[in-house]
Amino acid sequence: MELLMAIVIGVLFTAAVYLILSRSLLRIIFGTGLLSHGAHLLLLTMGGLGGTSPPVLAEGITDYADPLPQALILTAIVISFGVTSFILVLAYKTYSKHQTDNMDLMRGNDEHD
Amino acid sequence: MNMINLLILPILLPFLFAVILLFLKENIRAQRLLTIVGLVVSLAAALRLIWKVKTAGVQTITLGSWPAPFGISLVSDMLSVLLVTTSILITILIVLYSFTAIGEARERFYYYPAVLFMLTGINGAFTTGDIFNMFVFFEVLLIASYVLIVLGGEKRQLRESIKYLLVNVISSALFVVTVGLLYSVVGTLNMADISAKIAEVGQPGIITVIAVLFLLVFGIKGALFPLYFWLPGSYSAPPMPVLALFGALLTKVGLYAITRTYTLFFIHDVAFTHELLLVLSVLTVIMGCVGALAYFDLKQIIIYNIIIAVGVILFGVSQMNEAGMSGAIFYLIHDMLIKAALFILIGIIISVTGTSNLRNMGGLMKTHTSLGWMYLITVFGLVGIPPLSGFIGKLLIVQGGFEAGNTWATVIILISSIIVLLSAMRIFVYAFWGEPVKLPKSDRRSYRKEMLPATLLVVISIVYGVSTEWLIPYMADASDILLNPSIYIDAVLKE
Amino acid sequence: MKVNDVVLQTAAKVVFFIILLFSIFIFFAGHYTPGGGFVGGLLATGAIALLLLAYDLRTVQQLLPFNFMIVVAIGLLLSIGMASGSIIFNVPFFTHAFDDFYLPLFGATSLHTAMIFDAGVYLVVIGAAMTIIQAIGGDS
Amino acid sequence: MEFVLLIFFPVLAAIFVPILFRKLKSIHTGWFVLIIPITLFIYYTGFIQTTMNGGHAISSLEWIPSLDISFVSYIDGLSLLFSLLITGIGALVVLYSIFYLDKTREKLNNFYVYLLMFMTAMLGIVQSDNIITLYLFWELTSISSFLLIGYWYTRDGSRFGALKSMLITVFGGLMMLGGFVLLGIMGDTYSIRELIANASNLVGQEFFILALVLVLLGAFTKSAQFPFYIWLPDAMEAPTPVSAYLHSATMVKAGLYLVARFTPVFAVSEVWIWLVTGIGLLTLFWGAFFAVKQTDLKAILAFSTVSQLGLIMSLLGASAISYHVDAGTALFKFAGFAAVFHLINHAVFKGSLFMVAGIVDHETGTRDIRKLGGLMGVMPISFTVAFIGSMSMAGLPPFGGFLSKELFLTSTLALKDFNLFNFSTWGIIFPIVAWIASVFTFIYSFYFVFKTFAGKRKKESLSVEPKEAPVGMLIAPVILAVLVVVIFFIPNVVGDTLVNPAVVAMQAGLYSHPSEVLVHVSAWHGWTPELLMTLGIIGLGSILFLTMRKWQPLYNLQPELLSLNGLYDSLMMAGEKGMNRLSRLYMTGVFRTYLIYMFVSIVVITLATLFIKDAFKVDFNSFAPLNAYGILTAVLLILSVVMILTAKTRITAVIALGGVGYSVAFFFVIYKAPDLALTQLVIETITVVLFLLAFHRLPELKRHGESKGFRLGNFIVAAGVGITMALVALSAHSQKLIPSISQFYKDTVYSEAGGGNIVNVILVDYRGFDTLFEIAVLSIAGIGVYSMIRLKLPGKGSTDESK
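Residue numbers (this note's numbering), protein chains in the order written: chain A, 1 to 113; chain B, 1 to 495; chain C, 1 to 140; chain D, 1 to 803.
Simulated from the structure, these hints should not be mistaken for laboratory data. In this text the structure is predicted, and so the values were computed from the model without any measurement. C-beta: ideal position from N, C-alpha, C; glycine also. Some clues are possibly wrong.
[Claimed, not checked] Sample of chain A residues at the chain D side, in silico, Cβ under 7 Å:
| id | residue |
| --- | --- |
| 1 | His-37 |
| 2 | Leu-42 |
| 3 | Gly-51 |
| 4 | Ile-61 |
| 5 | Val-78 |
[To be verified] List of simulated lysine-lysine pairs, DSBU-like, C-alpha gap at most 35 Å:
| id | chain 1 | residue 1 | chain 2 | residue 2 |
| --- | --- | --- | --- | --- |
| 6 | D | Lys-736 | D | Lys-746 |
| 7 | B | Lys-441 | A | Lys-97 |
| 8 | D | Lys-467 | A | Lys-97 |
| 9 | D | Lys-550 | B | Lys-366 |
| 10 | B | Lys-155 | A | Lys-97 |
| 11 | D | Lys-617 | D | Lys-107 |
| 12 | B | Lys-25 | D | Lys-792 |
| 13 | B | Lys-438 | D | Lys-25 |
| 14 | D | Lys-550 | B | Lys-438 |
| 15 | B | Lys-441 | D | Lys-736 |
| 16 | B | Lys-438 | D | Lys-458 |
| 17 | D | Lys-23 | B | Lys-449 |
| 18 | B | Lys-449 | D | Lys-107 |
| 19 | D | Lys-107 | B | Lys-494 |
| 20 | B | Lys-494 | D | Lys-708 |
| 21 | B | Lys-366 | A | Lys-97 |
| 22 | A | Lys-97 | D | Lys-577 |
| 23 | D | Lys-23 | B | Lys-438 |
| 24 | D | Lys-456 | D | Lys-577 |
| 25 | B | Lys-366 | D | Lys-23 |
| 26 | B | Lys-494 | B | Lys-155 |
| 27 | C | Lys-13 | B | Lys-54 |
| 28 | D | Lys-702 | D | Lys-792 |
| 29 | B | Lys-449 | D | Lys-25 |
| 30 | D | Lys-23 | A | Lys-97 |
| 31 | D | Lys-25 | A | Lys-97 |
| 32 | D | Lys-103 | B | Lys-449 |
| 33 | D | Lys-23 | B | Lys-441 |
| 34 | A | Lys-97 | B | Lys-494 |
| 35 | B | Lys-441 | D | Lys-702 |
| 36 | D | Lys-792 | B | Lys-438 |
| 37 | B | Lys-155 | D | Lys-792 |
| 38 | D | Lys-107 | B | Lys-366 |
| 39 | D | Lys-25 | B | Lys-366 |
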């Protein structure tokens, strides 16, 4: 399973970075979404994937999945949600002010005078 | 009363006041008042905490009364409490500056809560003893900084905010990943426990890889070469008070995190990890110097000076000896103070002249003499002319560098001071000397009001430099713990 | 108004209450079975979002006349307040207490201060998510 | 009385200057200031008796005792000599400035504050025993010099000169600090006396030579040695009293002081002797040679100062040889004596010459020697002073300069007999260079005085009718001129009171008492080679001076670009334009570039570490078995990802993004994380709703002409990141070295935390603190979104957009 997850994580990061490097603002936003998915799945994998039952107490069960990474991921998911919605609004605000979504046309102040 | 929760107050109080301010959106006067009250109370708590750490040693608490590696520990050692105190102090003065400089529109839209939330995150990151909790506090300060950087929604702000966010989203993702990797290998999140467990297994290769990843994660926040490129653009976008906050505080959190992890966790393969840190820090200094000379824009010049300071401080840390470490701490706090002062001062210059382009300035000495002197003193402090604040730090860092045998790197650090001097003096020579240019009409009263926090900061930095002797015991405590992680570990785990 | 709008709106109202109840259930269940303040709050937000899809923003604002920013603030205060209670008792911040009580109607119930904290979480999640949704929806 | 406090007396007194300037408009502020150097001068003369007996006085004030940093005033022959020069010449300069600077037109408050600050700094340098505080005062002189050069700050020349001098001298100071720190490490002390006492332990240590070079950089920059002298001519933008004081008599001598002071520490090194003597001689020649080229009176003097400083520097270098020869070889003793003696002479005559240059400038309105001439008649006193000073500078009797010039020639001649360090081969160069340089010295001395005062008046080139300066302005230069003559007649009195004690101090360990120095100076000492050399100088010098008009234009052949000034200018250009250009290369302004830097360095550094540290491991035994649901979900996820990548419309991409989110939720189900699955499902739904709400505001999904190469480049970087993450994740998972702490939660969740859902209990209890701030993040995000949408700045809104 871990090998599979490593592939999935690799694909997610590759796609995320690829999208982030593109010129289109919208694709960049999608990229950040994939990036957090990749990070969360990686965190999950780090806890070990072998647990046979969820970490909720039940009679006669001892082999729980590692609850700690799950709790961390939950925290991370909520944070990602906040950031994603922020970026979404920022992106469309930027788009409407600049009348373009091409990142190459949004050069910074690093223009040397 | 022995107040065991004392160390949480500098985190909790700004947080609480920020929440209270949410109820007072339209009442700007109340917001200003409560912000200052909240900050002053936090400062008092922080000062009390310094005293406690000085007399009773490292303060720790494990939240929720769970035993140490299982709950989240907060740890106030001298380094963290000094940084917390400095951050609160600087925030107070920048808030004072904001009264005139930020404008009512922004004040009405949660400017002060965002500042307080950011301080919450900063203080939390300085205090926490849990690596994942540090991530959470990083997010708190980052999201607050997102709000601040974009607040106002001007065209350029939006453009630069997008970039700022992207970089930080990437680094946050990498942070989560790295924490996950570390957890996989050592099975714990408590920082003292991590240190103990790494010592137990003797830092095999995989932990060194994780160490390098941490360096990259924090290097993005702390603006280390080759990860700093985002900073100059992003920092130039927000209004001056926000830039002052960012410049004085934000990169320092990254620096703190590097310092903490590279003195507490990853100390068993110094020849690799700290050599890498050393090389990157020297390159950071050099690249910062290039940038500081390349621009004629006031903000850019000072922003690149942030980067130079980052390199100098981390160079000190990478020496892993007493002189280098206490020099780095001296320099770190100095740099927070002096950068805040500098940003406020150039903020005033920009508002007086109506431009941030050096070529369009001149002769301010005739009309704004006190501003000129204040700026000049600040620059000398920045460069480290004794007895001003930057000197002792630089002296000790240089000593540490030589003692560790990094001769040429140390000479580069020394030479960088001359670039710092040149870049900052160019502002003086162009803006204050020369033939006066016609100034736009500006409000003399707000100018005087803005001079107050700047003057206070400069005075504090001078006192910081002159009264070095009194500070030494504190700095020694701070660097002792960094060099002897067992003090930290024992304080957290053996209770 | 089209017919299927009316159908949708009626359905939405019903589903809204179902989801809201489910969210409260899940909130209380959280300590023992999957659920909790987060999921609860998010579900409630989802319920409101459903109303939004069925009606328009203004109607929903009339239906639920809250300033969601204040909801956020109250939620945060609740969570901070619970955690800070320990300062008064001089035990480490965030120390919880729980005990079994006999309550009329409920019978023997385990009451846990963590619930208060989780309630704060619930409110914050609703408040923040709704603030965002309303702001985006209302942006003209 | 703790006389260390007297160092601070001038700068503390400076606090009253602005008050006096504002309140007492009728009296020139200079009169009050004058009291300070006079008082100090009188006080310091009281130490002469002590130093003549080989004694010293010491007084200290603690600053940072923990780091061994304190203010220690140590007065021996050397520091006393300098202290007297600083206060004595200081008094005369203040007196002169009272008449030079108009009290109604000039900002005297600033001027005297800087001057007093400088006086403190200078006293501090020469008296400090602690090298760290010495460095403090050293930088303070650079700063006060900067302020004084920039006194008329609206002029471009002042700004340029001030910055230049500060950059070069502060650079030297920093290097010197590096040297000091090294000395501190090697000798475990910051006290000069202790360093000298330990000198034998320092030699041969790893950093010894580096420390030596760094300290010399400090001395050479401050004392305007080749190639650092270039700041000094530009420093002439300062008001003339400042030039007389800082840039000829005192500050530029700080470097000489430093070399003299550290001679006992470094003299054992061959590098020291070669560097100090060699650079000194080179500077001597260079300055003298280019002085003749100058047309500005003060520029001539500036180059002459450079040259004279070189002369003294070379003597100091030669004096270090005393440490290598038997006490019997008397010849080398001359160098040390000559250095100190010439230092005094130079301060005296150069001070007077600067003052005259100032007078000429003040009375004629120009310092351009091409416009001057024939002033002898109208300014007889100034002429006399200038004549005396110049002849002393040229090394002619009966003036003080003659004596020290002779001693200098004696010392260079002796160098060729020195049989260590290859001096027997190369030593002959020294007297030859010295002789040539002296010829040029002779020429520029005559050039200075006669082109200005002799010949025909050029009335048409002067805007005002020249007249003799007011009496007050003449007092100071006349006093100095008288001293020039007096020294010639009583050299041994000067020798006994000032020079010998200073020599003893700078050659610590060689003499136990000043009377042992035993150098007797006399105007006539027979037909020695020195005298013959002097006659040669006069002969050749006179011929060249008389034919000057014919060959002076040759100087113009030197292209400006190849000069050292040209080098500085191009360095500064490199600093601004060059760095700008360099920075443009990588700071493209295109954000994607910065991201690529970041990603590439993350990949390279991480992978390199992974392989260098041999950390890549895959342990298949630790892996959980594959299951079909997992494979299915993975396929679903990857398909969704591909859909996002290839999507042509926004709606497809949004749906595909949702698909990825739901696949992640399935993974959470498969890996027994019900809370996560639930949360992920709801959040994904809300996220999709958000996207749909904002849909009509979002841009279309456009590629913006991304070329194949562009995409391929991005893909390579992206794949690098993906592969890195996968490899690192596998390695970390395969090396679980220590079991996780989470067993604790399983054990205590029911009994101690009163819950059953471990994840939820962790969230609200064990790690509730995380949650508290996580909801803070969510709240702040809400605030941010709200403000971003609602806040509309009044006015134009984007006032800060540059251009």
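Each hint tested on the structure:
no.: 1; hint: His-37; in the structure: 5 Å, holds
no.: 2; hint: Leu-42; in the structure: 5 Å, holds
no.: 3; hint: Gly-51; in the structure: 5 Å, holds
no.: 4; hint: Ile-61; in the structure: 10 Å, violated
no.: 5; hint: Val-78; in the structure: 5 Å, holds
no.: 6; hint: Lys-736(D) / Lys-746(D); in the structure: 20 Å, holds
no.: 7; hint: Lys-441(B) / Lys-97(A); in the structure: 29 Å, holds
no.: 8; hint: Lys-467(D) / Lys-97(A); in the structure: 71 Å, violated
no.: 9; hint: Lys-550(D) / Lys-366(B); in the structure: 48 Å, violated
no.: 10; hint: Lys-155(B) / Lys-97(A); in the structure: 6 Å, holds
no.: 11; hint: Lys-617(D) / Lys-107(D); in the structure: 75 Å, violated
no.: 12; hint: Lys-25(B) / Lys-792(D); in the structure: 15 Å, holds
no.: 13; hint: Lys-438(B) / Lys-25(D); in the structure: 31 Å, holds
no.: 14; hint: Lys-550(D) / Lys-438(B); in the structure: 50 Å, violated
no.: 15; hint: Lys-441(B) / Lys-736(D); in the structure: 67 Å, violated
no.: 16; hint: Lys-438(B) / Lys-458(D); in the structure: 41 Å, violated
no.: 17; hint: Lys-23(D) / Lys-449(B); in the structure: 28 Å, holds
no.: 18; hint: Lys-449(B) / Lys-107(D); in the structure: 27 Å, holds
no.: 19; hint: Lys-107(D) / Lys-494(B); in the structure: 67 Å, violated
no.: 20; hint: Lys-494(B) / Lys-708(D); in the structure: 60 Å, violated
no.: 21; hint: Lys-366(B) / Lys-97(A); in the structure: 41 Å, violated
no.: 22; hint: Lys-97(A) / Lys-577(D); in the structure: 33 Å, holds
no.: 23; hint: Lys-23(D) / Lys-438(B); in the structure: 31 Å, holds
no.: 24; hint: Lys-456(D) / Lys-577(D); in the structure: 47 Å, violated
no.: 25; hint: Lys-366(B) / Lys-23(D); in the structure: 21 Å, holds
no.: 26; hint: Lys-494(B) / Lys-155(B); in the structure: 54 Å, violated
no.: 27; hint: Lys-13(C) / Lys-54(B); in the structure: 62 Å, violated
no.: 28; hint: Lys-702(D) / Lys-792(D); in the structure: 29 Å, holds
no.: 29; hint: Lys-449(B) / Lys-25(D); in the structure: 32 Å, holds
no.: 30; hint: Lys-23(D) / Lys-97(A); in the structure: 59 Å, violated
no.: 31; hint: Lys-25(D) / Lys-97(A); in the structure: 60 Å, violated
no.: 32; hint: Lys-103(D) / Lys-449(B); in the structure: 34 Å, holds
no.: 33; hint: Lys-23(D) / Lys-441(B); in the structure: 32 Å, holds
no.: 34; hint: Lys-97(A) / Lys-494(B); in the structure: 57 Å, violated
no.: 35; hint: Lys-441(B) / Lys-702(D); in the structure: 46 Å, violated
no.: 36; hint: Lys-792(D) / Lys-438(B); in the structure: 31 Å, holds
no.: 37; hint: Lys-155(B) / Lys-792(D); in the structure: 12 Å, holds
no.: 38; hint: Lys-107(D) / Lys-366(B); in the structure: 11 Å, holds
no.: 39; hint: Lys-25(D) / Lys-366(B); in the structure: 20 Å, holds
Consistency note: the structure conflicts with the earlier hints numbered 4, 8, 9, 11, 14, 15, 16, 19, 20, 21, 24, 26, 27, 30, 31, 34 and 35.
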